Each structure stands twice: as structure tokens, then as C-alpha cells.
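Q: Protein chains in written order, with the working numbering: chain Z, 1 to 453; chain V, 1 to 453.
Careful: at least some of the hints might be erroneous.
All copies of an identical chain are treated as equivalent in the list; a pair is satisfied when it fits inside any one copy or across any two copies.
[Unchecked claim] 20 Å max Cα-Cα, derived PhoX-like pairs, lysine-lysine:
no. : residue 1 : residue 2
1   : 75        : 235
2   : 251       : 235
3   : 151       : 271
4   : 194       : 235
5   : 159       : 235
6   : 251       : 130
7   : 97        : 157
8   : 194       : 151
9   : 190       : 378
10  : 359       : 97
11  : 97        : 194
12  : 190       : 251
It is worth saying that the hints were derived from the structure and are not from the lab.
Computed from a predicted model, the values in this text were never measured in an experiment.
Number of protein chains: 2
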Amino acid sequence: MTAQNTATQHRVVIVGGGFGGLYAAKALGSSNVDVTLIDKRNFHLFQPLLYQVATGTLSPADISSPLRAVLNRHKNVHVLMDEVVDLDPHAQEIMTKTGRVPYDTVVVATGVSHFYFGNEHWKEMAPGLKTVEDALEIRRRIFMAFEAAEKETDPEKRKAWLTFVVVGGGPTGVELAGAIAELAFHTLTKDFRKFDTREAQILLLEGMDRVLPPYAPELSTKAKEALTHLGVTVKTSTLVTDISEHTVTLKQGDTEERLEARTILWAAGVKASGMGKILAARTGAQLDRAGRVIVEPDLSVPNYPNIHVVGDLAHFAHQGDRPLPGVAPVAMQQGEYMAHLIQNRVNSQTVAPFVYQDKGSLAVIGQNAAVVDLGFVKFSGFMAWLTWVFAHIYYLIEYDNKMIVMLQWGWNYFTRSRGARLITGEADLMSVEIGDDGEYHMPAHKPQSPVEV
Amino acid sequence: MTAQNTATQHRVVIVGGGFGGLYAAKALGSSNVDVTLIDKRNFHLFQPLLYQVATGTLSPADISSPLRAVLNRHKNVHVLMDEVVDLDPHAQEIMTKTGRVPYDTVVVATGVSHFYFGNEHWKEMAPGLKTVEDALEIRRRIFMAFEAAEKETDPEKRKAWLTFVVVGGGPTGVELAGAIAELAFHTLTKDFRKFDTREAQILLLEGMDRVLPPYAPELSTKAKEALTHLGVTVKTSTLVTDISEHTVTLKQGDTEERLEARTILWAAGVKASGMGKILAARTGAQLDRAGRVIVEPDLSVPNYPNIHVVGDLAHFAHQGDRPLPGVAPVAMQQGEYMAHLIQNRVNSQTVAPFVYQDKGSLAVIGQNAAVVDLGFVKFSGFMAWLTWVFAHIYYLIEYDNKMIVMLQWGWNYFTRSRGARLITGEADLMSVEIGDDGEYHMPAHKPQSPVEV
Numbered sequence: 001m002t003a004q005n006t007a008t009q010h011r012v013v014i015v016g017g018g019f020g021g022l023y024a025a026k027a028l029g030s031s032n033v034d035v036t037l038i039d040k041r042n043f044h045l046f047q048p049l050l051y052q053v054a055t056g057t058l059s060p061a062d063i064s065s066p067l068r069a070v071l072n073r074h075k076n077v078h079v080l081m082d083e084v085v086d087l088d089p090h091a092q093e094i095m096t097k098t099g100r101v102p103y104d105t106v107v108v109a110t111g112v113s114h115f116y117f118g119n120e121h122w123k124e125m126a127p128g129l130k131t132v133e134d135a136l137e138i139r140r141r142i143f144m145a146f147e148a149a150e151k152e153t154d155p156e157k158r159k160a161w162l163t164f165v166v167v168g169g170g171p172t173g174v175e176l177a178g179a180i181a182e183l184a185f186h187t188l189t190k191d192f193r194k195f196d197t198r199e200a201q202i203l204l205l206e207g208m209d210r211v212l213p214p215y216a217p218e219l220s221t222k223a224k225e226a227l228t229h230l231g232v233t234v235k236t237s238t239l240v241t242d243i244s245e246h247t248v249t250l251k252q253g254d255t256e257e258r259l260e261a262r263t264i265l266w267a268a269g270v271k272a273s274g275m276g277k278i279l280a281a282r283t284g285a286q287l288d289r290a291g292r293v294i295v296e297p298d299l300s301v302p303n304y305p306n307i308h309v310v311g312d313l314a315h316f317a318h319q320g321d322r323p324l325p326g327v328a329p330v331a332m333q334q335g336e337y338m339a340h341l342i343q344n345r346v347n348s349q350t351v352a353p354f355v356y357q358d359k360g361s362l363a364v365i366g367q368n369a370a371v372v373d374l375g376f377v378k379f380s381g382f383m384a385w386l387t388w389v390f391a392h393i394y395y396l397i398e399y400d401n402k403m404i405v406m407l408q409w410g411w412n413y414f415t416r417s418r419g420a421r422l423i424t425g426e427a428d429l430m431s432v433e434i435g436d437d438g439e440y441h442m443p444a445h446k447p448q449s450p451v452e453v
Numbered sequence: 001m002t003a004q005n006t007a008t009q010h011r012v013v014i015v016g017g018g019f020g021g022l023y024a025a026k027a028l029g030s031s032n033v034d035v036t037l038i039d040k041r042n043f044h045l046f047q048p049l050l051y052q053v054a055t056g057t058l059s060p061a062d063i064s065s066p067l068r069a070v071l072n073r074h075k076n077v078h079v080l081m082d083e084v085v086d087l088d089p090h091a092q093e094i095m096t097k098t099g100r101v102p103y104d105t106v107v108v109a110t111g112v113s114h115f116y117f118g119n120e121h122w123k124e125m126a127p128g129l130k131t132v133e134d135a136l137e138i139r140r141r142i143f144m145a146f147e148a149a150e151k152e153t154d155p156e157k158r159k160a161w162l163t164f165v166v167v168g169g170g171p172t173g174v175e176l177a178g179a180i181a182e183l184a185f186h187t188l189t190k191d192f193r194k195f196d197t198r199e200a201q202i203l204l205l206e207g208m209d210r211v212l213p214p215y216a217p218e219l220s221t222k223a224k225e226a227l228t229h230l231g232v233t234v235k236t237s238t239l240v241t242d243i244s245e246h247t248v249t250l251k252q253g254d255t256e257e258r259l260e261a262r263t264i265l266w267a268a269g270v271k272a273s274g275m276g277k278i279l280a281a282r283t284g285a286q287l288d289r290a291g292r293v294i295v296e297p298d299l300s301v302p303n304y305p306n307i308h309v310v311g312d313l314a315h316f317a318h319q320g321d322r323p324l325p326g327v328a329p330v331a332m333q334q335g336e337y338m339a340h341l342i343q344n345r346v347n348s349q350t351v352a353p354f355v356y357q358d359k360g361s362l363a364v365i366g367q368n369a370a371v372v373d374l375g376f377v378k379f380s381g382f383m384a385w386l387t388w389v390f391a392h393i394y395y396l397i398e399y400d401n402k403m404i405v406m407l408q409w410g411w412n413y414f415t416r417s418r419g420a421r422l423i424t425g426e427a428d429l430m431s432v433e434i435g436d437d438g439e440y441h442m443p444a445h446k447p448q449s450p451v452e453v
């Protein structure tokens, strides 16, 4: 292994192998510090494409990279598959389920999970999309809904099976709704015999007055147009006031409406992972309303210059009018900044505060349809879609053989096929069954993975 | 839809979408009969490559084809995702969980599941490989074992985590053992810091006196040589007498031996799916010791010329000294024969008995190593491996865009990488935990899918 005596090396512990943690670990690879990356999963997940797993285009492995494989050539990096349960800032130790890991500098990058605004019981009816297991559960629900529609003879009930509601009009909600519309209006049109998949209704609900609220208003307009063209019904200024197994209750102004829908997907709120609360309890760090840790200009926690938070879990308010958004580019840049800071620290040098280089935002609606905001220029349509494709492939390829994705997309582009539409999982496979009430039922979503490190 | 009046058409019901059922349905596609294909899964699984999912090379979707997509251009074919629970030969109806389906001719192709020779409780400790869920569970166990070894400090216990036992030296056992050896001795060698993956011990146990017992003896010898070269310890004439969470007890002659092993995989026995018993009860058909239905020369059940059994569930003893083996080519040819027979039946013509065209057998041991028996010629090594690769790609491509597999294999060939080594699933992700006894435990295998139609 390494020729140096690791006992004398600066010990860096990184908690979480998402964009922030992985980019920090990679940038510290083969350097003069000792790095331990702790994650409860054995792979990094390219979350921006998770909606394509949920809608049957890609397989989980296509957008995942085994952490050990990505980092194995760096002898100073040790990957530990474990779950962090606490942190002791005085002993300078991280406590995991199976032991203690000492650190000189710790980087916490555990991200966020879903938030149902105090209605956590909605989770069973309206799963969100953060993990591979979430994506496979959503995929199961979408394709089971079409199967149930094929068996259902009551037109009203069939309509409920063919009604898909996506709550939340941010990038994930827009991408999910667009992909479901492509399934219903293109991919699956010849697959069923008892009904026409084009009868499906796909609703995208957003509480604000436009979809993609953080983007420029003209792009929101373009995105809405593209969604409508694809067959999605976009309802803005619309709040969800209740969710049950069969229904969603909406409120638009003073009007309440109950909608029969058997597939309800959650892309609305996020809250910080449990590490936020642990940091607050152990260091006195302040949390924002979403539970994110308010960090100093160098991403450290106040009074603890060797405890840092990066990525979605960090609330960084030292640039612009609003805190930095919880998107992959911010996490990547913060991870790389941490590597730079730590190497300077080892050499007793200081670094300037973190500054985010905003290279633009993009969101995809469907084939040939996307919106791109590069700051100096905004555009939509086919060119935006190409930009989106290449940007994602560029980042995917950076750390694995994701030519597969390009090939899969190329194939899908011409065939509009979706090869990965398997119904799998732990739930009873024949899980749409007739209950005692004579109605079809699908067992409720069982949360499969703890979402917090 | 179809212009013809389906009420007057001959109604064919096919139960099971494996090789037998799917090949029958495809061959009847766009013909003058009305076909209903019933399966409890929504996809056909290319089972010969399932071991590559279990060992992290391929994703489930790479070797699966959505049944509706494969058959959607045939308007006379209706796919029903449902589970068959009974059959009424007098009313000529199939009973499913959600209804009844009338037939004029029925083709039962529900295959086989694992058999533990009366020790069904071994299933929890030693999962078998028949479904996508089985493969993902095995994948989870293999990669979790390496993760546990990285955390384990007791050398004896680490050795148990690094001991992999495959029970059964048929093609699946040989392929699994070879693939695990490639992981331990090539793919993962740089991934861990606390131990050398080359310490792993991979044992392949076979009760007969040679591996691949149905093949020619010289190929068994070649296969054993190739396995040994890869690092697999092959033990023939060896019976498993007990399995517990941590141990396998072997018996070789009069010598019993207890082996500490944390990963035990079952590739030994099969038994017929539940439809065999249903057919026996409803038609008086005879079953063999494995529960397979003994069929007439035209694959029908005695006295019921419109009830047929094809594939692994059929015991066909009208050709050669032994019943036909339960392999994909037999199922495919029987499926196609059924289509031929049914079309002749509609035209009131008879057909000759089924005759299996044996095109040879092959089994792969690892990269560049396979054995091929084409009857007139037997060979092994690189040319056999190439034959194996092209034979599998040929059959995969026949019904879907499985260029992906070829690309993945090409990539793996040069990099010896395995992209799909994700640890996923419903079990607690940090499922190797310290128990009350201070030892690591992995929760027992929970059978996830009913194995019988």
C-alpha cells in the first residue's frame, strides 16, 4: 500500500458519496492526506438521471458507479461502507454503526431526503425519488397501473388507473411528468388491447405560479408549452391539501377539487438528512427551516473550522440574494473546494472563501425538448435538448463507462422504445389484487432504504 | 384491432412467458388463432445469462424483454399479467387470480423452481438463481461479503466471509463459480485496503464424479481444468449434508467435513412448478420424481389432446434413452412445434411427433474459457468461449435491442470491470451488523417472488 506512515498524515473523513463527497475524495486522491469516505451504499448515484430509471429507460447500474472502483487507484483513499450515527467534535471522531473513525478534518455531505410538509403519512401513497429503490418502486407503480387498466372493466376505475399525478414542478417533477407522457403517448401505444394508453391523464402540480420556479420566467413558459405539447396537464398555483390511496385533493385559489388517481409521485419538498440535526446538537450550528446547516464562507461550521458541510445539506448564503440551490454543480464545486482547502491547511496556508461558478441551468421535458439557461443566453427546444444530452454524458463519462447510456439513448431516440420497463421488487408481484371490497388494490409503498446517512 | 371475429377463432391460452411460451406465442403471432399469453411477470427473462446479473456484469433489463413489447405487433396476441391458480379441463377454462380464461387449446410452460431435496429450510441460507430477485439477492450477498471482510479484524471470521460455496456442478454452478473467481482474482483486487481479495476461496461442489455431468466426459475434464486455473476448488463426488447460516457440511465418501462459509449458493436441484400438480389432479397426468408432467409424443397430456406441456415442465421420453434435458433449446423448439401443431389442428391436419434437434451444448467458465459440444465435434478454450458469446448474442438479439450486452461484454473484456456491482434491495442496507453475540450477521434470505405460476 502507501509507503508513507499514515499515522502522521492529516486524516480526512468524508461522510457521503454523492456529488459533494465523491468530488472531494477524488480531488484528494493520491495526495498527501489520509482519506476515509463513508457511505451506507457501495455506489455513487448519478441522481439527475434517476427519473429515467423510474420511467424504464435506464437501469440502476447505468447511472451508478461503485465507489471502490472509482477510487481504487488512490491508495490514500479508504472506502468504508457504514452508516454514520454521531459525531464527537471534541474527541474528533465519527461514530458509525460498527465503530469510531478519528479525523483531523471532516466533510459532511449527506444531502437531503423528501419532505411532505408535516404530512409524512403521504409518503406511502406518494413516493419520492431519491434512491435506486425509490426509482424501482415508482417504475413498478407506473407499469402496474397500465397493467391494472388492462384488467379493469369499469371505465371510471380504469380512468383512475390512467391518471398520473406528479406533485412539484421543479426539474425532477417536470422530467418525470414528461417521461410518463412519452410512455403513454408514444412508447406503450401498441402494447394493450382493452384500452388506448393515450387516454392517460398526466398532471403536474406546482404551488408557485409557474413551473421551474428558480429559472428565468421565459424558460418556465417554454417548459409549460413543451409539457402541454407532450400531453401533460400543468396546474400552477395549485396546492395539494390531501392524499389518500385513490385520491388527491387540490386547491387552486378558493376552489378545492378531488381527483381520482392511482399513481401519485412526490417531487415537491426536501429536508436535510439527519446529520444536520446531529451537527446542530454537537456543535451548536444553526439550521435553516429545511434543516440545512448554515455554513461559513469556507463551508465550515461556526467555531469548528475543521468540520465542513458541502452539497445539498449546506445552506451557503454568502453569495447572491438567496442561498445556493441544492443542485449537483454546487455540490461538485464545493467538494473540489474542500480538497483545495484541506491541502492548503496541511501546508498551513489559508484559502479564499468558496465562490460558486454558475455555468447555467437545464431541465429536460422530453425527446427534443429541454430548456437551458446559460446566464448570457437562454434557449429551448432541440438545441437545448442536445445541450442537456451532452452535458449529462460528459459528467457521467467522467467516472465510468457510461457509453452504455449514450447507446441506450441513441436506440431509444429512433425507436422510442423503453427496454427497462420491468416490474420487479419485493412486493407481491401480482400486487394488484381484488380486495374484500371487490376493488383492485396495490399494496402501499414500503420505504425500503433509510434515507439518511 | 383485428378485423376478424375473435369469437369464431380457435382460442389458444399459453401459460408462462419463458422460452417455451414465448416461442409458441411468437410463432402464432399474426396467425388465424386468438392467443392469450399469461405470465405473472411483465417480461421474458433470458435465464442463461442470469448468473451475470448475480455477479455484477449485467443489469436485469439487459437480459429481459417486456412481453408486450415483443408481441405488440401481433394483434391476435393478448398478454395478460396474472397468476394461474387452476385449470378446468371439462369447462376448458384457466382460472387466474382475477378471472377465468376459456381455451380451445392450452399450452402450459411454467418451468421449474429450486429443490432442496427435502431440506427446504436451506433456502434461506443458500438462495438459488431463477428470478431477477434471486439474482439481485445473490449479487447483494457476494458484494456484502467482501464489504464485511473489509471490516472484520478476526482472521478466522474474515476467512469465512471470503469463502464462497456453490452447490451443484451443472452449467449454472460452473458459471457462477467461475464468475465469482473472476471477481475475487481480477475485478476487485485493487478495491480493498484491509485484505487481499485473492485470499478468497471459491468451492464448487458436485455430487456426481465430474462437473457438467450431462456433457461428454472429456469436456467435464476440460471444464474442471479451466475452473482450477481460474482459482476455483472443485470437489466432485461430494454431497452436502447440512447447511447453516455460517457453515456447510460436506460428505466425500465416508469423510464428513464442516466448512465455515458465509456465502452459499444453490445450483443443485430443480422441481416442477405447481402447475404440474394441478395438471396431475385435473387430468390424471403422471408426474416424474421431479414433478414434471410425462407427455405424449405431441406434448399433450394423456387423454387430453388439447392440453399441452412444453419446456422444463415437460418430461418427454420419446427420444433417446433419457428424457430431454431442461434447457432453453428444447423449450424453444417445443414452443415452435406447438404453434405448428395448433395451426394444423385449426386446419384439421395432424402433425408428426415432436423431435428435438440437438444443436449441441455449451457452458462458460470465465473469460476465454468455455466448453462446447456440437455432437460431431467437442472443443474448449478461447474458440469455445467465442462460440458461447455469439450463440448468446444471437438469441438475445432475436427479440430485443441487446446490442447493449455486446457492448458491455466488449468493455468488460478489456477492462475486466464489472459495472453492475450494486448492493441494493429491500433488506436493511447496512445489513451486516454486529449482533448481541458480538458477531456480524447478514439477515437471512427472504424469498421475494412466488416461484410458481
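Q: Sort out which numbered hints this structure fails and list those numbers smallest first.
A: 1, 3, 4, 6, 9, 10 and 12
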